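*Asks:* Each chain, written out:
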Amino acid sequence: MRILLDHFSKSFGSVRVIDDMTLEIKDGEMLALLGPSGCGKSTTLFAICGIHKVTSGRILFGDRDVTNVSSQERNVGVVFQSYALYPHMTVRENIAFPLRIRSLPEAEIKRLVNEMAGLVHIGSLLDRRPAELSGGQQQRVALARALVRRPNVLLLDEPLANLDAKLRLEMRSEIRRIQLETGITAILVTHDQVEAMSMCDRIAIMNNGQIIQIATPQEMYRNPRTAFVAGFLGNPPIAFIDAVARDGMLAVENADIRLPIPREADRVPEGTPVVVGIRPENLGTEGDAAIRGRVSFIETQGRENLYDITLANGKVLRSIQRVRDDVSLHDEVEWRVRSDQLFLFAQNGERL
Amino acid sequence: MTGHLKSWPFVLALSIISAPIVLMYSYLFIDTITNSPPGSFIPHEFTLEHWRFLWETRPGKPSIWRVTLNSFLFASSSCLVVLVVSSTAGYVLSRLNVPGRAFFLAGVMVLHAFPAVTLIVAIFLVLQMVGLYNSLIGVILVKAAIDMPLGIWIMKGFYDTVPWEIEMAGIADGASRFTVWRKLVLPQVKPGLFALGLFAFLLGWSEFILPQVLAPGGDVQVLSVYLAGLIADDNNFDMAMFKSVGLFYIAPVLILFLFFQKYLMNIYGGGTKG
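Chain order of the listed sequences is A and B. This note's numbering puts the first residue of the first sequence at 1, with every later residue one more than the last. This note's numbering puts the first residue of the second sequence at 1001, with every later residue one more than the last.
Hints are supplied without guarantee of correctness; some may be wrong.
What the hints assert, rightly or not - Label-pair restraints from in silico Cβ distances: (1) A:Gly135 x B:Leu1119: 50 to 58 Å; (2) A:Arg100 x B:Pro1020: 56 to 64 Å; (3) B:Ser1076 x A:Gly135: 40 to 48 Å; (4) A:Asp65 x B:Gly1131: 53 to 61 Å; (5) B:Leu1258 x A:Glu93: 31 to 39 Å; (6) B:His1112 x A:Gly135: 37 to 45 Å; (7) A:Pro36 x B:Leu1119: 51 to 59 Å; (8) A:Glu106 x B:Leu1258: 35 to 43 Å; (9) B:Ser1076 x A:Pro36: 54 to 62 Å; (10) A:Arg129 x B:Ile1017: 41 to 49 Å; (11) B:Lys1006 x A:Leu169: 54 to 62 Å; (12) B:Gly1157 x A:Ser70: 27 to 35 Å.
What the hints assert, rightly or not - In silico lysine-lysine, BS3-like type, Cα no more than 27 Å apart, as pairs: (13) A:Lys53 x B:Lys1183; (14) B:Lys1262 x B:Lys1190; (15) B:Lys1262 x B:Lys1183; (16) A:Lys26 x A:Lys53; (17) A:Lys110 x B:Lys1183.
It should be emphasised that the hints constitute simulated quantities derived from the structure, not laboratory data. As the structure is a prediction and not an experimental result, all values here were calculated from the model. Idealized CB from N, CA, C, for every residue including glycine.
From just these sequences and the hints, can you work out the full model?
*Replies:* Below, the structure is given as structure tokens:
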């Protein structure tokens, strides 16, 4: 079902948490609300499921205005970070709870619970209690409980935050598989850009209660709208250096580095101070511009190494490359960067 | 084995110190089924005459069975009222954003700090006025009202430990607020409810001053009042029978303690789930 937030605002007392947000989630899509903690993403989620009342604006499920509809009647499935399973009930009773509330016939409940348990692969655990399950299994139960009543929308509030690294990887693809198989519109709230990029069709990146950019993960990575977006996506993260436009080139202060202006950037007036963003994977052996510096740190990652290069002005750039034996700590290096891979931002963070 | 050897001086010291208590308790029991010659502690004959109050009602006194029934009615009814009020009021104070919540919490605390006996004249007058003086219902209501503040605070503490997410999940699952409380939250605080129930029952069972003042009549007497009446009766003073009735009075309490001590411990442990 299509979900539309129409000029939605939310205040707590005098604090405005969300300011005039308009966001459309398409039918069957999985959308990530990505942002640092305190940016209002969970508030948005709770407004959609009806736990928070909206201060102004509308929320539409399909064509139905649910702004003043109670949480119980919105039919949203929520998976909480702590899973919020009912500890005194078995897995079977947990999954059946939303159906019992709707007074479905017992045979129908049984059929639906079994079907859902099969989908999330917990068929053998139905008679256990939540305390007897591992984190990943609890997560599956929570998913099953949220999905069993065919919700209009599935809301996932940091669903992977409580899992260890290996399980997180497994559940990431599991949640996506289940979402695709059921075709239910889903919203994932997370502060982890890897989760957002790997699981979702589109990402809405938020900061200070506002959506900065909505795009597919690939598009957002290639074409960030602001320095904040560029800094949030990518691991290891992008590095920024200050530069000034001079003679049609970008001159880095006190570092004897001159970079060509990227083609897609609007013409930059002479003397404009800018911020240049360079992703670690774009600094290395290929490119049309040179960057000189000293290797100040090497982090081994197995297949690749992450090199920190300190420029003459003290700024640090990062480069990720195949492990190479010809570079060691404290070496002076001259590496290359492709000018069409540079991001140019104004001082206020807007992309140029 | 060395552990036993090392600890024997402590065991000995503790035994000596607690010997008077042990002696007291054993004589409480021994005296009820024996007679001793005057001036001696050593019993010389076995007898059940001190327990005769069980089968014969003494003139001017109500039947022991009637009194026991009253005690049960009194303790269990006030316990029930405390449970019903505390389990709902505690939830409201813990979870719902009601106006005057802080005031209520503080007020409940102050009420708990009030010794019941200071209010007894006022309560007496009120009961007299509404016509509940010398009735079980009146004294049950008073007892429940006095125990309630503690119960509400205890239940609020237990509710505070139940995660919010469980309630939010229940509401998103389509359950009404009442169903969420009844089906999802109440089961989480069951240990607290159990402990409080037991606690309230025992408080009611051992209550003396309220029934003594507010319900002294023969038909509505409870065991504590009956027992006090035995000492007050100077004409036929019977120490051994007093002890027997005392034993009869505390037996249900002992049995409850034996079976449910684990729940009683719970009330002091806060609401953490075991």
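*Asks:* Are any of the numbered hints broken by this structure? If so, which, sorted upward?
*Replies:* none
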